[in-house]
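Chemist: What follows is the residue order along each chain.
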Amino acid sequence: MKLAYYPGCVAQESGRELDLATRWVCRAVGIELVEFPTFSCCGSGFLDEANEVLNVAINARNLAIAEKAGLDLLTICSTCTGMLTLANHRLHDPAVKARVDGALRPLGIAYGGGVKVKHLLSVLTEEIGLDTLRAKVKRPLAGLPVGAFYGCHLLRPSDEMGQASGEEPHAFEDLLAALGATPVMYRGRVMCCGFPIQFVKPETASRIAGRQLLDAKEHGAHALATPCPLCHISLDAYQNHAEKAVGQPLQLPIFHLPQLVGLALGATPEELGLARHLVPVDPVLAEIPGPR
Amino acid sequence: MNRHDVVVVGAGLAGQRAALAAIDAGRDVALVSKLHPLRSHSGAAQGGINAAVGAEDSVDTHIFDTVKGSDYLGDQDAIEFFCREAGPTVVEMEHFGTIFSRSEDGSLARRPFGGAHFPRTIYAADRTGLALLQALWERIESERFTLYDEWDMLRLVVRDRRVQGIVGLDRKSGEYAEIAAPAVVMATGPAGRVYARTTNAHSCTGDGIAAAYTAGASLKDMEFVQFHPTALLESSILITEGARGEGGLLKNKDGDRFMAKYAPHVLELASRDVVSRAIVTEVREGRGFTGEFGGYVHLELMHLGREKIESRLQEICDFARNFAGIDPVVEPIPVYPAQHYMMGGIGTNIRGETNVAGLFAAGEAACVSIHGANRLGGNSLLETLVFGKQAGAFAAAYAASAPRAELHDADLDATTAPLRAWSSRADGEDPSALRTEMQATMERYAGIYRNEADLMEGIRRIRALRQRFERVRVVDRSGHYNLNLLDAVETGHMLELAEAIVVGAYARTESRGAHFRTDFPKRDDAKWMKHTLAERTPDGPRLSYAPVAYTRWDPMERVY
Amino acid sequence: MSEPTVSVPLEVYRFDPATDAKPCYQKYALDLAPHTPVLTALLRVRAEVDPTLSMRYSCRSAICGSCAMLINSKSRLACETPVGPELAAHGRIVVEPMRNQPVVRDLVVDQTPFWREYRRIEPHLKLDKDHPMPEGKPNPMSPAEVERFHETPRCIACAACYSACPAVEADPAFPGPMALAKLYRFVVDPRDQAHQDRLVRIQTEGLWLCLRCHLCTEACPKDVRPSERIRDLKELAIRAQGATERGSRHAVGFKENIRDRGTLNEMKLVRQTYGPVGMLGQLGQGVRIWRKKPEITKRPHPIQGADEVEKIYEALDDGSGSK
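Protein chains in written order, with the working numbering: chain A, 0 to 291; chain B, 29 to 588; chain C, 19 to 341.
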């Protein structure tokens, strides 16, 4: 399987442990990543707030790059997935398409609309398949209670994101179970992490992040796992603020999706960049016996 | 004790328009509603609002269409006023902010409707009622008045044949309270829930009509009940005539397009009463489908194709899918006629005045009469606004010079005593069971086809239910949001009105408009071109009759 | 029309604050056809089993907005939610009052905060004497102008969006999706004369607290898609007034940030949003993160083809808000 690799900005900067883990997992399951140094930022939702058509055009350019190479896109960030998928949809509006095409044509770019945007989560669960993954597990996660935290833009609007349900997904929990973890169900798993307003009103963002973390903890989670590096920032790097907001310690390690997959498939913590997290993951690693 | 100049009971289109008129006249206004105003049944109206604004159309044509549609029972002077006000009323609502559908040239879009010579039904997609209700609420909500939200009126207090105010119940707190006012406008809508099958909301229990009746107001033309031919089986949610207008077909269990027998020229596009009677006949004569929700026929859209159904008939498609689990693209929709509109109500004149000083009424709760024996589509939304304004303006004028209203503790006690009795019984009748029996009775004995024997039986059964209601029991003792208590209150109201309907229907030995007697199948102008008036007595409604106002249009045979 | 019935277990939240110490869940079981709406099931409970159950309902046809409640934790209209799929997914139907509004009794909530937010955005046409309505005639409005409302006229004020919103839950300063979608409706209404004022005002009254999580759009029974209208409001507000608030400064800052190199410069973004002085407040947290992720202080490499990004900006970025 060959896919255009769209890591997104954070995975190349403060979240580069996500990139490390992604590459390791893709090697392990046979996904060939084709890299394009031409990919730009997806706009992260903020560009969409400032100028919708510009946002679509920037992402149409990204999609056109993959289209030219005859590849679909692999994303590793819920937000990037949302923005790129949104661009595909908005281009069905003739008025938007006309303006976007008008901006791209002088650059010799024409996007035909055919590129599929696939998050690693769906590639693993729907294309690689849970049976294949289960067979590759070398270090079963020993029933570790893990709460999935999806990230809004992966799920909604559900009609545009091609999700059967924007409020009751189960793909991530199915994956966790296949890796030997115990998926923890809690309301916050499909809610917001607060990241979009981290800069607007941090105390509210922290209250929101704190709510989700506390919810997971109260339902028995020992760790969370997320397919979005922006959620990761909010829940991991800013967990200290969330603790203040909820008035109690949380100490909940946050895994990037491919880190947890990698662990189960036999990667070492170093190979997965786990030391880079702000909330230490070691206590949870201790709960998973070593590789078979 | 609360005190205002004008109390409007009911906050749908008619009530809100009345309140606005009274506010504009400078009065201290109270708007009382058992639901939040935006939840009112006005919001369910789909089709549109009539106004003769097209170049090819005229006010006179609208008047004629309405007079004829009423089967010559409508008061022609009132209808003339009504149709002349239509254009300015629609403009006013547009200025208030209603978002109407538009034609390419930016003017208000119009669609054709049954019984109209020209397309004059102005609309907002498939939700004209909602569009008007929102715009009107948005126009008034920042005005100065007192909203009694989720406040159930229990009784209209009249002393010396003059209104003194109302007594009611705040749902959330469970507290009884009085509102003293010399002028009360009843705009509480219809009482469709007296029937088992109705397109009406659950809230349509005729509370204002019953309160007015109990307080001495005459009800007018109560026997005239409009049935709509195509309501979804089981829920009776309305499937609008647009379905037939776009080519939907009605079929019986033999797969026959049975309307060919009843209306050979126009088939499915015959008027509502003709189609309703046809469907009932088919089922009665054994050619309908049968099931746990009774007999029914099929409305077929499949032949129109997915594209047409999902674009031009989207709301019908959604209704069938969401409420009946039916996909009209691939399967037929089960339908049966249901009660839809009440032409009758509290008797008023053009000014919204009743025969009780200080009591006014407007909207479906009132009977002016505009619609006579049968209402045209698109005239109901118009009526709420035209006569809401009239009633509010004249109520305000009356209040300006009326003597001070007085309510006493005795009024409160008289109202609450029976309710307390219901709540302290150790055993008695279940209000829900009484209601269900009443609905079944009306459906069976006072439905689309009426005859002497059935109506007599209907009267007997309703009276027996009224007797049993004296021993109704409320088991919910809570003071907060006590629906069990309100169920009982509403059932009591509906039993009163059910009696007025069957008694009026029994007395009228002719067929006219929506009132069809198999034993008197012809219209009898000589004997029956008159309004039925009903006054409450301890032994039941006492009927009398009033002439129909005539201006220009001689009665003709009503054929389409 | 005849589907076989199945036994449906219902668990209904019951609480009367006047008499109960705490809420409980009452269990009922009814035989129902799968297409039966939850509302019908609850009305049968009231009629046949327990008339003390308190709830709001009226039209039963998804137009009055009365019956919004939590059905298996999702904010939905009970009249439009069939029991079958819920039973298949969850094995039972748990019914609870909507969120973010205090419980009055059982499934009835106090909607005062919801209505207050609606009224606060001044939901009526604001006119001025220099632009009177045409005398005796409707205002002309083209079909294209009607299109601009999108689906906001379909809103039935059921409060499902308000119930589903995590920002409403976390912060009373957020007006909620319905009020904002309603504000959008007035901002695009050609008859309203206060577009600019409305946009300026909402920037300081909570617009930028929207998380764009789309839970409101998911919950809405009428396809209003409030989160998308809120996005439109944000862009319109920036165009009207420029980047004056934290939220608009961040959005515009982000836009400018990636223009340069096609990729995000995280440090620069922090400076753009907080300003050089505000950044000092972030110093402690910044150092803490830097210790684990030292590369955040380095400027990222520009992408290849950054000039293409620049040209796209030239074509489509009208510079709104960049001052």
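Careful, some of the hints might be misleading.
[To be verified] Listed below are the simulated DSSO-like cross-link pairs for lysine-lysine, each with C-alpha atoms no more than 27 angstroms apart in a straight line: (1) A:Lys96 with C:Lys45; (2) B:Lys200 with C:Lys92; (3) C:Lys40 with C:Lys92; (4) C:Lys45 with A:Lys67; (5) A:Lys96 with A:Lys115; (6) A:Lys115 with A:Lys1; (7) C:Lys316 with B:Lys200; (8) A:Lys243 with A:Lys137; (9) C:Lys329 with C:Lys286; (10) C:Lys316 with C:Lys329; (11) C:Lys329 with A:Lys115; (12) C:Lys286 with C:Lys310; (13) A:Lys115 with A:Lys67; (14) C:Lys316 with C:Lys286; (15) C:Lys155 with C:Lys144; (16) C:Lys286 with B:Lys200; (17) B:Lys200 with B:Lys281; (18) A:Lys243 with C:Lys45; (19) C:Lys147 with C:Lys92; (20) B:Lys279 with B:Lys289; (21) B:Lys200 with B:Lys279.
[Claimed, not checked] Calculated from the model, a selection of chain B residues having no Cβ within reach of chain C, i.e. all distances over 12 angstroms: (22) Glu122; (23) Asp133; (24) Pro140; (25) Glu171; (26) Ala449; (27) Asp482; (28) Tyr509; (29) Trp556; (30) Arg564.
For the record, the hints were derived by calculation from the structure and aren't laboratory data. Small disclaimer: the values here were computed from a predicted structure and weren't measured. Note that the Cβ used here is the ideal one computed from N, Cα and C, for glycine as well.
Chemist: Taking the hints in turn, state whether each one holds.
Modeler: Each hint tested on the structure:
no. : hint                   : verdict
1   : A:Lys96 with C:Lys45   : 53 angstroms, violated
2   : B:Lys200 with C:Lys92  : 25 angstroms, holds
3   : C:Lys40 with C:Lys92   : 22 angstroms, holds
4   : C:Lys45 with A:Lys67   : 59 angstroms, violated
5   : A:Lys96 with A:Lys115  : 18 angstroms, holds
6   : A:Lys115 with A:Lys1   : 13 angstroms, holds
7   : C:Lys316 with B:Lys200 : 61 angstroms, violated
8   : A:Lys243 with A:Lys137 : 38 angstroms, violated
9   : C:Lys329 with C:Lys286 : 22 angstroms, holds
10  : C:Lys316 with C:Lys329 : 26 angstroms, holds
11  : C:Lys329 with A:Lys115 : 25 angstroms, holds
12  : C:Lys286 with C:Lys310 : 19 angstroms, holds
13  : A:Lys115 with A:Lys67  : 13 angstroms, holds
14  : C:Lys316 with C:Lys286 : 10 angstroms, holds
15  : C:Lys155 with C:Lys144 : 18 angstroms, holds
16  : C:Lys286 with B:Lys200 : 54 angstroms, violated
17  : B:Lys200 with B:Lys281 : 49 angstroms, violated
18  : A:Lys243 with C:Lys45  : 39 angstroms, violated
19  : C:Lys147 with C:Lys92  : 46 angstroms, violated
20  : B:Lys279 with B:Lys289 : 12 angstroms, holds
21  : B:Lys200 with B:Lys279 : 48 angstroms, violated
22  : Glu122                 : 4 angstroms, violated
23  : Asp133                 : 8 angstroms, violated
24  : Pro140                 : 19 angstroms, holds
25  : Glu171                 : 10 angstroms, violated
26  : Ala449                 : 17 angstroms, holds
27  : Asp482                 : 26 angstroms, holds
28  : Tyr509                 : 4 angstroms, violated
29  : Trp556                 : 36 angstroms, holds
30  : Arg564                 : 27 angstroms, holds
Hint violations for this structure: numbers 1, 4, 7, 8, 16, 17, 18, 19, 21, 22, 23, 25, 28, all remaining hints satisfied.
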